[in-house]
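Protein chains in written order, with my numbering: chain H, 1 to 844; chain Z, 845 to 1002.
Derived by calculation from the structure, the hints in this document are not laboratory data.
For every residue, glycine included, the Cβ atom is placed at its ideal position computed from N, Cα and C.
All the pointers check out, no bait thrown in.
Have a look at the derived ranges for each label pair, beta carbon to beta carbon:
hint	chain 1	residue 1	chain 2	residue 2	range
1	Z	Gly950	H	Leu99	31 to 37 Å
2	H	Lys243	Z	Met910	51 to 57 Å
3	Z	Asp979	H	Gln484	53 to 59 Å
4	Z	Asp979	H	Glu471	45 to 51 Å
5	H	Gly439	Z	Tyr908	53 to 59 Å
6	H	Met58	Z	Lys957	57 to 63 Å
7	Z	Pro870	H	Arg733	55 to 61 Å
8	H	Leu99	Z	Asp979	43 to 49 Å
In silico contact screen, one side only, chain Z against chain H (beta carbon under 8 Å); selected entries:
hint	residue
9	Pro884
10	Pro897
11	Pro898
12	Ala899
13	Glu900
14	Ala902
15	Ser903
16	Ser906
17	Phe907
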Amino acid sequence: MEPLVTLTIDDREVTVPAGTTVLNAAKSVGIEIPTLCYYEKLAPFGGCRICLVEIEKMRGLQTACTTVVRPDMVVRTASPEVLKTRKAILEFLLTNHPLDCPVCDKGGECDLQDFVFKWGPTESRYIEEKRHKRKAYALSPLIVKDEERCVLCRRCVRYLEEWADDLQLDYFERGRLTRVDTFPGQPFDSVFSGNTIDICPVGALTSRVFRFRARSWELEKVPSVCAYCGVGCNITLDVKTNKLRRISGRENPAVNDGWLCDKGRFAHQYIDSPERITRPLVRKDGELRPASWDEALNLVSQRLREIVRESGPRSVGGVGSATVTNEAAYLFQKFVRTVLGTNNVDHLGRLPDGARPLPSMTEVREADAILLFGADTLEEAPVIELFIRRAANLKGTKVIVANPRRINLTRYGGPWLAYRPGTEVALLNGLAHVILAEGLHKEGRRVAELKEWVKDYPPDKVEEITAVPAETLREAARVLTEAQKAVLIYGPDTVRGPNGQACLTALNNLALLIGAHEPGCLAQEPNSWGVLDMGLAPHLYPGRQRLDDKVRERLGKRWKAQLPSEAGLGLDEMLKAALDGELEALYIMAANPAMDHPIGDEALEKLKFLVVQDLFLTETAQLADVVLPAASFAEADGTFTNMAGRVQRLHQALRPLAEVKPHGQIIVDLARVMGQEIGATMPLEHYSPQAVMEEIARVAAPYEGLSYGSLGDDGIPVTTEGGTRRFAQADFRPPATDAAYPLALVTGRLLYDRSPLFARSEIMRQLVPEPFVEINPADAETLRIADQDAVTVSSARDSLELRARVSDDIRPGCVFVPLHLNEMPVVALSEAGAAVTWVKVTKR
Amino acid sequence: MLSENAKAEIEQLKGKYPDPKSALLPALYVAQREHGWLSPEVMRDVAEVMDLPPAEVASVASFYTMFNRQPVGENLIQVCTNISCSLLGAEHIVEYLKSKLGIDVGETTPDNKFTLVTVECLGSCGTAPMMQVNDTYYENLTEEKIDRILAELAERKG
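With the rest of the complex left out, here is chain H (with noise of 0.2 Å):
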């Protein structure tokens, strides 16, 4: 505990712990003292002398923002010269700074503004022609840049450099003529940038999706929730007129801290886009017709029943997705298990048993040391991004990244272990030797077991399997080994496919040798964690319980049905089934297993039937019989369960479009056609997200005692139990090769793609770049493939036509294809259920 500090300030006596500035201790006790250049997330900088202050005994007025308080100190923030000197302050910025608030974004929220109307000089000395600068120009797609308006606090400049640690603007010139500004010719192109909007006090870098779309005081302001990754980043909605204006940062220091990426911020136009299904579909003499709900819903009712009927329960399955709210996703799997009567019910996407959460964002922010396995923060979680750079850039935190793809946090000199693909374990194995071997390990453990489990993965042997140079993994196992807060975190597919559960173990085993929390996941979509809470998979009932014999007898009283009790299909077991002429009909919300399931689009077109319901006419969409159109994220209630666990509350923004119907209301109303009423608690006529989150908060052991009144705006976490933690072996079986396939192919997302909801987005889906393979440039040589040649991927499977962009970036011997940036579906190349796809590439 810091000591504590006693002085006065405007006559008032105050206590703060010693280190506190003049300007928080009064901020502390609710005086007021204006500010431009000072944020609170930046370090204080002192640069615009909005903030001064009187002090006794010391000459001159002080800058309140880095004026340290000491022991029996008097400060005046109001005295005549205080405020004598604030109003000239305020008349010198005038001077120069243009008044073009009518036509100004910034114009009713705008810092300089307020503090003219409540100190400044109420009337104008200055006749002169006024200080002449480059208006409106663009920094970027996203930006617009007035450098009349700059008052030069440097919070654009400051936060790049503390921040996001890419220092893309600065200060230009000098004097007079000083200006922020870009490299010259270089566009402002973080995907960070849009964070500068938020924090300038004034009116000079403003957003371009959002220019003169509204002024500030006619919007409404709807708290919700990001719907694009898995951090769940807390957003302002500007609405006006049932539009979405604006999307901004929302302070929760639990989870983003009021930042975001610039793909939550910017890429919400979708919802306003003239593609929209905003009837439902019908398909007649083979083209898709629109149709009324009734017709569309009895349609669906009566097929499903006739095959349900002719070819048993068996034969028709749910397909969900992460990115669906708990409410939509608990009546989801509600809807198959009691009204079609399966557990063949799952969704894209889904994260493997074992799998666990990432520690609280906190705990990711105070680490001194992170593992990044598999995973690329930059493009798959931004915002964490963000608080990763800002601890390794201010904090020296160690950033080990385990990647064949050198991801941008290599550059902290992490170690960055380059691994082949398929050889995860054996790596994983061999940081456990080398702990191990050199005793680096935490105290207590009862290590002996693991020790003969790992004994035959020397770092040199690791070396030879994973191709990670034995000093890289010795140097990785010391700088985890030497943290007092590690935070080791995988991706995904890192723990998917034939080695995902060895994968897993090998991880847990890791952690629990260094002492560290559970490795967590950095789940890819907004409601990862939550579709499995809710039930949303073929073995698990909400809650995550398994699907015995007593849970099903009480959850079906509950339900007021009979429960299916033979085990479901997975989806990759359903789409082989439907292959295969077993399952004749599906029900598919909001996913695409066209683009996004290696088997996908054959699989969807052997169905009898197919219902989809979702915003676009997908490729899976394009396939159906039926369409649905279903509300945004913004159009609905409900609640996502982010990446920490953490239950979040999105509020509904908008009315939905014409006939648009948020998912859960297609759900509950399909039910009741088919003659169920399968919210209990519901009333029968709306369905009622809140009465849902009631429902779940009783069946869903997690969640007991949620509710929309208790998440308040902050969200609460829910923990699923994670079992003991224990050593365990984890086996490494080396990856099957192929001499016809020689290259590894490693697949990712990229946050800008043509993904159905971004590609909509106007502004931002210029921003999503071409499509390409990226090659190293050994195998480029070999190959006699130049940057941008034209070339085909083709694996034992299928192929693909893309451009070849030749850099080291990529280890040898792998290619990098991004997922969702071709017409044609990446997957595709891979068999599933295969640890490695083998490719080859050759020049078109």
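With chain H's structure known, arrange chain Z on it following the hints.
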């Protein structure tokens, strides 16, 4: 753009300071000496060798007027127009140079031999009026002296 020699020289400069970042100003001089001016490409190269963000390098370069951010001729003529030189006819010197060279202040002759600029005090008030051409001071200037200097410089091989 930046030669290997220049890169090696900058690497060496970095070693001279407790914080290698401090070598930025001398590094920019090395680059300017080689190219005559600091083009964006050259500044990028400097940034890479210095391991600094390009924006920071360009920011520093733009703060100091002695770094040229436009191409200049073989001979950069900087005429002092500060108080002492002005009192002793600097304006006339500038006018004379303009008419001799046929260019305005801030311009370069078509043969790329001369660039004319005016600058603040160069610390040579005792010998005003004066000008600096590249690294050389020419003092107590008169029209005749300027004729001679320009003739000499024009003959010199670039």
